[in-house]
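Colleague: Residue numbers (our numbering), protein chains in the order written: chain A, 1 to 298; chain B, 299 to 732.
Calculated from the structure, these hints are not laboratory results.
The beta-carbon is built from N, C-alpha and C at its ideal position, and this holds for glycine as well.
Zero decoy hints are in this set.
Listing some non-contacts, in silico: residues in chain A with all C-beta distances to chain B over 10 Å: (1) 72; (2) 98; (3) 120; (4) 180; (5) 184; (6) 290.
Just the calculated beta-carbon pair ranges, DEER-fashion: (7) 451(B) - 157(A): 52 to 58 Å; (8) 617(B) - 157(A): 47 to 53 Å; (9) 72(A) - 452(B): 57 to 63 Å.
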Amino acid sequence: MVELLSTVVDGIIYSSWLFVVAVGLTLIYGVMKILNIAHGSLYALGAYSAASLGGFWLGHGYPPLGSYGMLALSAVLVGLVMGPLIERGLLRFMYGKDEIVLLLATYSVFLILEDAIKLIWGVDSLSIAEPYGLLGSVDFAGLTYPVYSFILLAVSAVTGIGLAWVLQRTRQGKLLIAVIHDSEMSAVMGIRVPRFYLITFTVGAMLAAVGGAFTAPMVSVVPGMGVEVIVLAFAVVVIGGLGSLKGAALGALMVGLVRSASVHFLPQVELFSIYLVMVLVLLFRPKGLFSSAEARKI
Amino acid sequence: MQKRFGFGRILFVAFATVLIAVGFAISAPAVEQKPIKIGIVSFLSGPAAGPFGVPARNGAEILAEALNEGGKVPGYGTKGLGGAPIELVYLDEAGGTTKQVTEYRNLVQRQNVDLVIGYISSGDTLAIAPVAEELKKLTVFFDSGTPRIFEDASYKYVFRTGSHSTMDSVGAALYVTEMRPNIRKYAGINQNYAWGQDSWSDFEAAMKILAPKAKAVTSQMTKLMSGQFGAEISVLLSSGAEVIHSSFWGGDTESFVLQAAPRGLFKKSTVVLTCGEHIMYRLGNKIPDGTVLGGKGTVGIFAPDTELNRWFQKVYAERYYVPPTYPTYRMAQAILGVKSAYEKAMAANKGMTPTQDQVIASFEHLSFDTPSGKVEMGLGKGHQAVTGISYGTTKVVNGKLTITNIKTYPKEKVNPPEGVLSKDWIESGFKRTK
Numbered sequence: 001m002v003e004l005l006s007t008v009v010d011g012i013i014y015s016s017w018l019f020v021v022a023v024g025l026t027l028i029y030g031v032m033k034i035l036n037i038a039h040g041s042l043y044a045l046g047a048y049s050a051a052s053l054g055g056f057w058l059g060h061g062y063p064p065l066g067s068y069g070m071l072a073l074s075a076v077l078v079g080l081v082m083g084p085l086i087e088r089g090l091l092r093f094m095y096g097k098d099e100i101v102l103l104l105a106t107y108s109v110f111l112i113l114e115d116a117i118k119l120i121w122g123v124d125s126l127s128i129a130e131p132y133g134l135l136g137s138v139d140f141a142g143l144t145y146p147v148y149s150f151i152l153l154a155v156s157a158v159t160g161i162g163l164a165w166v167l168q169r170t171r172q173g174k175l176l177i178a179v180i181h182d183s184e185m186s187a188v189m190g191i192r193v194p195r196f197y198l199i200t201f202t203v204g205a206m207l208a209a210v211g212g213a214f215t216a217p218m219v220s221v222v223p224g225m226g227v228e229v230i231v232l233a234f235a236v237v238v239i240g241g242l243g244s245l246k247g248a249a250l251g252a253l254m255v256g257l258v259r260s261a262s263v264h265f266l267p268q269v270e271l272f273s274i275y276l277v278m279v280l281v282l283l284f285r286p287k288g289l290f291s292s293a294e295a296r297k298i
Numbered sequence: 299m300q301k302r303f304g305f306g307r308i309l310f311v312a313f314a315t316v317l318i319a320v321g322f323a324i325s326a327p328a329v330e331q332k333p334i335k336i337g338i339v340s341f342l343s344g345p346a347a348g349p350f351g352v353p354a355r356n357g358a359e360i361l362a363e364a365l366n367e368g369g370k371v372p373g374y375g376t377k378g379l380g381g382a383p384i385e386l387v388y389l390d391e392a393g394g395t396t397k398q399v400t401e402y403r404n405l406v407q408r409q410n411v412d413l414v415i416g417y418i419s420s421g422d423t424l425a426i427a428p429v430a431e432e433l434k435k436l437t438v439f440f441d442s443g444t445p446r447i448f449e450d451a452s453y454k455y456v457f458r459t460g461s462h463s464t465m466d467s468v469g470a471a472l473y474v475t476e477m478r479p480n481i482r483k484y485a486g487i488n489q490n491y492a493w494g495q496d497s498w499s500d501f502e503a504a505m506k507i508l509a510p511k512a513k514a515v516t517s518q519m520t521k522l523m524s525g526q527f528g529a530e531i532s533v534l535l536s537s538g539a540e541v542i543h544s545s546f547w548g549g550d551t552e553s554f555v556l557q558a559a560p561r562g563l564f565k566k567s568t569v570v571l572t573c574g575e576h577i578m579y580r581l582g583n584k585i586p587d588g589t590v591l592g593g594k595g596t597v598g599i600f601a602p603d604t605e606l607n608r609w610f611q612k613v614y615a616e617r618y619y620v621p622p623t624y625p626t627y628r629m630a631q632a633i634l635g636v637k638s639a640y641e642k643a644m645a646a647n648k649g650m651t652p653t654q655d656q657v658i659a660s661f662e663h664l665s666f667d668t669p670s671g672k673v674e675m676g677l678g679k680g681h682q683a684v685t686g687i688s689y690g691t692t693k694v695v696n697g698k699l700t701i702t703n704i705k706t707y708p709k710e711k712v713n714p715p716e717g718v719l720s721k722d723w724i725e726s727g728f729k730r731t732k
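If we strip away everything but chain A, and leave its shape as in the complex, we get (with noise of 0.2 Å):
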């Protein structure tokens, strides 16, 4: 029983971690039809600044808990700088073309800004490990586990709450629903769609890089932790379908228990098991769990 809910537990961990780092690049290709793979990178770009502006802030004795405000600091920084620069400098330029096009564009970001990141942080590791332990450990299901990664949680659950409160509820929100569902319709009734792109482009970067900067105390910032991400990132939004941000919950969630349950019953297939429910499902659903029905065009 205590074996089971650790597993739970560690799951739902694991899964709040999967969903930060996932929804961003949901949000992009729901809204812009863009796959971005560029997002590994400013995923990465959060956590090397989350570890620089955290540095800075501890090395320079201010309070230990102001490092929480640098790690959210630094991916709305990151999030700031590189959404408007790759939309408006890049990606405005290619709207209208193929999807593979964009893909292929987004891909070439993703090489620049990896060696960018080396240019500028090196190769040796980086690490903020403060504000991992700051808060203390619970005990629970038997085991300690440190605050911070129920900190993770309640981040993912605000972050995917907000989304969709924003999505479902705000003004601004309906109208980029109407742009998810036609763009060309959107900008006829008089709806600044290239603002839209480049506001929900900002945001799925900066969501990006909170993943980044929320993940960067709890690992060693290492160059090439990007390409890890992006594939783990894409696994689960293929899961629950593109675009959809239910589906990126819940392809979180079916992604973490499974691999939680695989390490602690059966470790031999932990490497597998992300990628067999990703099969499993599209198996059944080859659109993923939450794919809308699409019309078909003549």
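Starting from the known structure of chain A, arrange chain B on it as the hints suggest.
Modeller: Showing chain B alone in chain A's frame:
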């Protein structure tokens, strides 16, 4: 009557001759020896660059410079390789085995290097070795763990100047069984590829011999560079394991320590990080007390207190502001191995430039001094090095990480004898005879 030369006149003539000779030696331009071009291959990008590739590359750089100056490296007085300057060509190991094979061919066939020193990844070494044979180019692997290179095949042109992974696992098993003679449960967390699997398999086999009553309660195999070990740490915490073996390297080791320490894993179990030495300066006092660290040999903090090691540590720290770790030491082993073999071959060739075959013949079964002590090419028909290995336990004193209870196991105790497979040697109960 024949005029006799007096002693004073003879002395005068001799003195004058010496003066003229010295004058010629000073004024005449020295005969320039053709540089020896060495390809240095290590990870310069990707996650293995920071912990391994760049420190190894830096080690090659300072040693080549010091050797080219001559008289700087204690015990190695001659310049370069037998007087010929060393010229290094650096290459990035990142990109996978297919790319590496292509790059290796480029190094040999287009850049015309005289020899290649490199390769950290076991996968890369397994792919490069047959190509080195095909191209007949002296190739020295300075790192990589797999014992399979010389246990599954025999090569003429390939050498490895660092011990293979069996030594790390057997050394770790010896250390923990001496530390906890009544151990009942142990576990493992390793990366799910050849290195992690081989390391765990050797450790488990050695534990079966050294502590037959102990049981492996779980073996966690994680995706390389996954960075998230929450569930694995839960399993290890609830497993009741007294000892946890891990051959994690680089970012995975650091992430594991950062995530496991606040959860109390290091208090509950003795965690053995067989490659932990290379992260000790990065994490410092974040590594909890009681962690067992190894460094794939007698390197770094475990290295012998010799003039050569003191010089090596000093020049490295002066240039790169951190002490050298095991990848740097392993690179030094390769370069000094090549220098020793080259100069031995040169001496046998009456001071003439030796052929590649003569260098290879000299390299086989060679024994040479390095900052990490004496290295002997004792396995794989003289192509595979054997060394001893050290392990120690961490203790933070006045905020600084120190290593206590250091134990060094001699090479015979942690390496199989010539002609015996590592697996068979461990299962035989570490017998020294066939």
